[in-house]
Amino acid sequence: MLSSRAKNRSLPLETTPDFIAPLALPAPRIPSAEAHGGINLTDLANPTIAVLIGPYQSFDVGDTLEVLWDDPPVQVGKAPIEGHTTFATVPIASASIRRAGSGSKSCQYNFYRARFPAQPLPSPVIPIVVKIDAPGDPDIGGSDVNPKLLAPQVIPSTIDMAQATAGVDVIVPAWLNMAVGDKLTIFWGDKVKVAVDPAALIVGQPTTVHITEATIIEGQDNPALPVYYDIFDIVDNWSEFSLETPVNVSASTRLFDAPYLAEAPTGSLNVPDLGGRAGTAVVYVKQVGIVAGDTVTLFWNGLTSGNVPTPFPIPPQIVGTTPTLNFTVPNATLAALTQGSATFFYKVEGPGAVLKGTSGIASLNITGPVAGQLRLPIGPFWPAMDIAGRVVVSRLSDPSVVVIHTDADQPAWSEYRAWLKCTGAAGRTFESPKQDASPLVPINTYVTKAFIQNELALNNHLVTLTFVVEKKLDGSGRQESPATVATLA
Numbered sequence: 005m006l007s008s009r010a011k012n013r014s015l016p017l018e019t020t021p022d023f024i025a026p027l028a029l030p031a032p033r034i035p036s037a038e039a040h041g042g043i044n045l046t047d048l049a050n051p052t053i054a055v056l057i058g059p060y061q062s063f064d065v066g067d068t069l070e071v072l073w074d075d076p077p078v079q080v081g082k083a084p085i086e087g088h089t090t091f092a093t094v095p096i097a098s099a100s101i102r103r104a105g106s107g108s109k110s111c112q113y114n115f116y117r118a119r120f121p122a123q124p125l126p127s128p129v130i131p132i133v134v135k136i137d138a139p140g141d142p143d144i145g146g147s148d149v150n151p152k153l154l155a156p157q158v159i160p161s162t163i164d165m166a167q168a169t170a171g172v173d174v175i176v177p178a179w180l181n182m183a184v185g186d187k188l189t190i191f192w193g194d195k196v197k198v199a200v201d202p203a204a205l206i207v208g209q210p211t212t213v214h215i216t217e218a219t220i221i222e223g224q225d226n227p228a229l230p231v232y233y234d235i236f237d238i239v240d241n242w243s244e245f246s247l248e249t250p251v252n253v254s255a256s257t258r259l260f261d262a263p264y265l266a267e268a269p270t271g272s273l274n275v276p277d278l279g280g281r282a283g284t285a286v287v288y289v290k291q292v293g294i295v296a297g298d299t300v301t302l303f304w305n306g307l308t309s310g311n312v313p314t315p316f317p318i319p320p321q322i323v324g325t326t327p328t329l330n331f332t333v334p335n336a337t338l339a340a341l342t343q344g345s346a347t348f349f350y351k352v353e354g355p356g357a358v359l360k361g362t363s364g365i366a367s368l369n370i371t372g373p374v375a376g377q378l379r380l381p382i383g384p385f386w387p388a389m390d391i392a393g394r395v396v397v398s399r400l401s402d403p404s405v406v407v408i409h410t411d412a413d414q415p416a417w418s419e420y421r422a423w424l425k426c427t428g429a430a431g432r433t434f435e436s437p438k439q440d441a442s443p444l445v446p447i448n449t450y451v452t453k454a455f456i457q458n459e460l461a462l463n464n465h466l467v468t469l470t471f472v473v474e475k476k477l478d479g480s481g482r483q484e485s486p487a488t489v490a491t492l493a
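In the numbering used here, the protein residues as written are 5 to 493.
Hints in this document: simulated from the structure, not taken from any laboratory.
Just so it is clear, CB atoms sit at the ideal spot from N, CA and C, and this is done for glycine as well.
Each hint should be verified, as a subset may be incorrect.
[Said to hold, decoys possible] Computed Cβ-Cβ distance ranges for the label pairs, DEER-style: (1) Pro126 with Asp64: 17 to 27 Å; (2) His88 with Ala199: 23 to 33 Å; (3) Pro355 with Ala199: 27 to 37 Å; (4) Asp64 with Arg103: 29 to 39 Å; (5) Pro59 with Ile144: 23 to 33 Å.
[Unchecked claim] List time: in silico DSS-like cross-link candidates among lysine-lysine, alpha-carbon distance up to 27 Å: (6) Lys290 with Lys197; (7) Lys82 with Lys290; (8) Lys360 with Lys425.
Using the sequences and the accompanying hints, generate a full structural model.
Next comes the structure, spelled out in structure tokens:
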């Protein structure tokens, strides 16, 4: 039976709020953290860090957002909703983040509605990795060499042909602030880099890295080849470069003529010109020092458009009576390097695998359309533009949403992720989080108003909005579509 109050609609009901389930609230986002996997020292150098909340359709003027940090939660920021919007930004003091220290932290917020201020609605909790120190503890504002990073040890420090064939070891001492997730790179000279598997690092222990014959040859002979290293941590704090160890490399007593690709004698290959055929790397063996019975090994190192190294093993061949040796490079290997590059060279060994020498290094620029390459829109659309195509800062929402449209007739969109990069006159940039793309689904990305106002010199300056895409699988196939626009305060 209904109560008398329920029957009489004119009587006031109890002030029970129209609850919104907590899961209906979007999780908070920290755009600067999304760009590099967490909050780093570059972020903390700013007075505040922006927490982005939205999109949410039920914000009203007078509502309040309270950001909580760590566990147990501590309030680190609070901001009112001042206009009709679906997004809100709450600045939090960088000092508050520093006080909580490094580690995996939690971030959430309470949503206080103006009508029911005593009954906050909690948001989902997100984890955020924070690092308040950098590997190697570099001095801020110094040179790009960190004297606290001890020089590596190279064994042996004098390398001849026989030692190059076996390879050498580089021992990197443990560094200050060493942590799980650190990424170590060895520089063998100033042109050749060796990335070390992070799983090979043991915190607090020196790291031994084997340098292969191919790397030694590519680095070329040098009586004082500089060997050094650097480290990026899990949130891209940089160690700067270590001190150097000079190494005497004399691994080839003879430098043979460089090989070449028959289909690209000038060093530039357009993949469609192959018509699906393989390429042929040619080694001319009628040279002084090469005789019948010698073994020639070709080294092929490709680099995709996304800067992903792609070495390709090629079986060695024995020198016979013909003036050349022809090494097959599969069409698929070349196609995978479209918009990328390759270097290749060879070594010559006599009886008993005795190294006679190495060749010059051939470089190859590889062009052509990437498989599934996209037609990008010519710049993104920014709603805050005036009739002259200028961005009017006073019209910007917070954050300022940028809409990028994808074509329905390009199914390749499903293979890509996309994001927006904003560059201003001061050279500083903002990058929105990467989003998976789909055909015909507009990509709603954004630039925060706080970034625009605080980081870019906008009065009558130019801002470049660049739409960037890359393959989800491996980061290859990167394309950019920039549009430069004028701005008005």
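Hint check for Ala199 and His88 - Cβ pair distance inside 23 to 33 Å: 49 Å, violated
State, for the Cβ atoms of Pro59 and Ile144, whether the hinted interval 23 to 33 Å holds or is violated. 37 Å, violated
Verify the proposed pairing of Lys82 with Lys290, using a straight-line Cα cut of 27 Å. 77 Å, violated
Between Lys360 and Lys425, does the CA-CA distance stay at or below 27 Å? 51 Å, violated
Pair hint outcome, Lys290 versus Lys197 [Cα-Cα no greater than 27 Å]: Given pair Lys290, Lys197 is violated - Cα atoms ~33 Å apart, limit 27 Å.
Do the beta carbons of Pro126 and Asp64 sit within 17 to 27 Å of each other? The hinted range 17 to 27 Å holds for Pro126 and Asp64, with Cβ atoms some 18 Å apart.
Using the Cβ atoms, figure out if Asp64 sits within 29 to 39 Å of Arg103. Given about 33 Å between the Cβ atoms, the range holds.
How does the Cβ-Cβ distance of Pro355 and Ala199 compare with 27 to 37 Å: does it lie in that range? Holds, since Pro355 and Ala199 (Cβ atoms, about 36 Å apart) stay within the stated range.
Consistency note: the structure conflicts with the earlier hints numbered 2, 5, 6, 7 and 8.
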